[in-house]
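Participant: In case you want the letters, here they are:
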Amino acid sequence: MGYVFDLGSVLNGKYLDWFLIGLATTLALTMAAWCLAMAMGIILTLVRMIPFPPLGWFVALYVEYHRNVPLLVQIFVWYFGVPSLLPRPARQWINAHHGEFLLAAIALGLAAAAYVAEDIRSGIRSIPKAQYESARSIGFGYLGAMGYVVLPQALRIAVPPLINQTLLLFKNTSLAMAIGVGELTYRTREVESYTFKTFEAFAVATAIYLAISFGIMALGSWSGHRLKLETR
Amino acid sequence: MLEILQNNWLLFLVGQYPHGPIGGLAMTLFMASISLALCFPFAIGLALARLSPYRWLRLPATAIVHTVRGLPLIMFIFWTYFFSPLVIGRAVGGVETLVIALVIYEAAYLSEIIRAGIEGLPKGQVEAATSLGLRYWPTTIKVVLPQALHNMLPSMVSQFVSTIKETSLGYVISAHELTFAAAQVNNVLLTQPFEVYGILALTYFALCFALTSLARFIERRISGDRGGTPGVTIAA
Numbered sequence: 001m002g003y004v005f006d007l008g009s010v011l012n013g014k015y016l017d018w019f020l021i022g023l024a025t026t027l028a029l030t031m032a033a034w035c036l037a038m039a040m041g042i043i044l045t046l047v048r049m050i051p052f053p054p055l056g057w058f059v060a061l062y063v064e065y066h067r068n069v070p071l072l073v074q075i076f077v078w079y080f081g082v083p084s085l086l087p088r089p090a091r092q093w094i095n096a097h098h099g100e101f102l103l104a105a106i107a108l109g110l111a112a113a114a115y116v117a118e119d120i121r122s123g124i125r126s127i128p129k130a131q132y133e134s135a136r137s138i139g140f141g142y143l144g145a146m147g148y149v150v151l152p153q154a155l156r157i158a159v160p161p162l163i164n165q166t167l168l169l170f171k172n173t174s175l176a177m178a179i180g181v182g183e184l185t186y187r188t189r190e191v192e193s194y195t196f197k198t199f200e201a202f203a204v205a206t207a208i209y210l211a212i213s214f215g216i217m218a219l220g221s222w223s224g225h226r227l228k229l230e231t232r
Numbered sequence: 001m002l003e004i005l006q007n008n009w010l011l012f013l014v015g016q017y018p019h020g021p022i023g024g025l026a027m028t029l030f031m032a033s034i035s036l037a038l039c040f041p042f043a044i045g046l047a048l049a050r051l052s053p054y055r056w057l058r059l060p061a062t063a064i065v066h067t068v069r070g071l072p073l074i075m076f077i078f079w080t081y082f083f084s085p086l087v088i089g090r091a092v093g094g095v096e097t098l099v100i101a102l103v104i105y106e107a108a109y110l111s112e113i114i115r116a117g118i119e120g121l122p123k124g125q126v127e128a129a130t131s132l133g134l135r136y137w138p139t140t141i142k143v144v145l146p147q148a149l150h151n152m153l154p155s156m157v158s159q160f161v162s163t164i165k166e167t168s169l170g171y172v173i174s175a176h177e178l179t180f181a182a183a184q185v186n187n188v189l190l191t192q193p194f195e196v197y198g199i200l201a202l203t204y205f206a207l208c209f210a211l212t213s214l215a216r217f218i219e220r221r222i223s224g225d226r227g228g229t230p231g232v233t234i235a236a
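Chains F and P, in that order, give the protein sequences.
All residue numbers for the first sequence refer to this note's numbering, where the first residue is 1 and numbers rise by one.
All residue numbers for the second sequence refer to this note's numbering, where the first residue is 1 and numbers rise by one.
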């Protein structure tokens, strides 16, 4: 076919800039969604602890919705659906201020929050009830027992799964290309259609994704060893 | 919302069929089933290779699994999209592209489930088979895999749910499936995006939630059978 594989052809001038802008957008989207996911995940966990059944049902519904609907569809609901329900000024503001980035971050963050809430919950569940009971019996209140005894142990257990969620979140930001967020996959397609250097363009993107993913995986397995509690 | 459903339910169900390619929910289910079925042998192979005592089998298998886990599915879909016409030597449609990409991607994830299932078996099973004089393959095929696969049934259903959700990416390469059908409806109606995508989300939810519940039910049955915890359930 006479196809010459030449990485240099996509790694110079404006194409290199496009890749870098794409990478920066991917990282910014990951960060924004991550912060939202952690905040919302902790809120969901706290709401679920309130002994009032309808709140528990609400959290369960939230978790099931986000786990059983494809992420791409959730992004579409936020990007196409939600703005159409807002009043006109809000819609104009969204359109003027890179609404696709904001809405993608919301969709990705809220979806990841469902998994974060589950991870924190299974961390708390894995702490034997006796830990809480003994804390109470030596005079801690509810908050003291949770804050000083249960949560420090539960979070240690929850950290490796949470790092794994971060990896999934990072990979899932690639779906934002479907609504035109200029992240790495989107920019790669741009480079590809301008240069016709298909394999070079995707090789660069693949290498970038793998490098960051392996970094996160390494952090995950390191924390898994580092935080493991001695069990007797 | 009901009006949209009344006017477009056929498009959601089977796409433009019989006036065009079959699509919609039917295609989504077909692609998910065939991908899972086709990736099964690869997944078992990868899992056995990862548990193998030989380094030259273990290392490549581990590398493959980690590489696949480190990349977004959309990257696989694009690689398949551009590469498979070169390999096969003719134009490849969206559906075929998506199925090929899903088979590779799911094989890596499913192999982790199978590996967990095999590692979850009591060591005595292999030891007993060996002491009865069975070699590696008879032990694996007649003793290890049947029990491991039985215990993994709930995880397998969860994996089917993941695959159904992942077929929605077919939209990006214009494979005719459920999400693509909804986008078509939305392009015709233009003014009711929330309703159209709401219907789409509810359809996926009804299907996947039913399957997830089935997985939980099987899991309870199996742990009842064995009086212990079955293989690790990987969250959908």
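Treat the hints loosely; a few may be bogus.
Stated by the list, open to error - Partner residues aside, some chain F positions facing chain P, computed with beta carbon under 8 Å: (1) Val-4; (2) Phe-5; (3) Asp-6; (4) Ser-9; (5) Leu-72; (6) Val-73; (7) Val-77; (8) Val-82; (9) Ser-84; (10) Trp-93; (11) Tyr-148; (12) Leu-175; (13) Ile-179; (14) Phe-214; (15) Met-217.
Because the hints were derived from the structure by calculation, they are not lab data.
Where a beta carbon is used, it is the ideal one built from N, C-alpha and C, also for glycine.
Participant: If you take the shortest Cβ to Cβ gap from F/Phe-5 to chain P, is it below 8 Å?
Facilitator: Violated - the Cβ of F/Phe-5 stays beyond 8 Å from chain P, reaching only about 13 Å at its closest.
Participant: How about F/Phe-214: closest beta carbon in chain P under 8 Å, or not?
Facilitator: Constraint on F/Phe-214 satisfied, holds at 6 Å.
Participant: Given F/Leu-72 as an interface hint, is its Cβ closer than 8 Å to any Cβ of chain P?
Facilitator: holds (5 Å)
Participant: Given F/Asp-6 as an interface hint, is its Cβ closer than 8 Å to any Cβ of chain P?
Facilitator: Violated, about 16 Å.
Participant: For the restraint on F/Ile-179, tell me whether the closest CB of chain P is nearer than 8 Å.
Facilitator: Status violated, d = 11 Å.
Participant: Verify the interface restraint on F/Met-217: the C-beta must sit less than 8 Å from at least one C-beta of chain P.
Facilitator: Holds, about 7 Å.
Participant: Going by Cβ atoms only, is F/Val-4 closer than 8 Å to chain P?
Facilitator: It is violated, given that the least Cβ distance between F/Val-4 and chain P is near 15 Å, above 8 Å.
Participant: Regarding the hint that F/Val-82 lies at the interface with chain P, is the smallest CB-CB distance below 8 Å?
Facilitator: holds (7 Å)
Participant: Have a go at the F/Val-73 hint: is there a Cβ in chain P nearer than 8 Å to its own Cβ?
Facilitator: Given a least distance of 5 Å, the restraint on F/Val-73 holds.
Participant: For the hint on F/Ser-84, does the least C-beta distance to chain P fall short of 8 Å?
Facilitator: Hint holds; F/Ser-84 Cβ to chain P Cβ min 5 Å, cut 8 Å.
Participant: How about F/Val-77: closest beta carbon in chain P under 8 Å, or not?
Facilitator: holds (5 Å)
Participant: Can the hint on F/Trp-93 be confirmed by a CB-to-CB distance to chain P that is less than 8 Å?
Facilitator: Nearest chain P Cβ about 18 Å off; hint violated.
Consistency note: the structure conflicts with the earlier hints numbered 1, 2, 3, 4, 10, 11 and 13.
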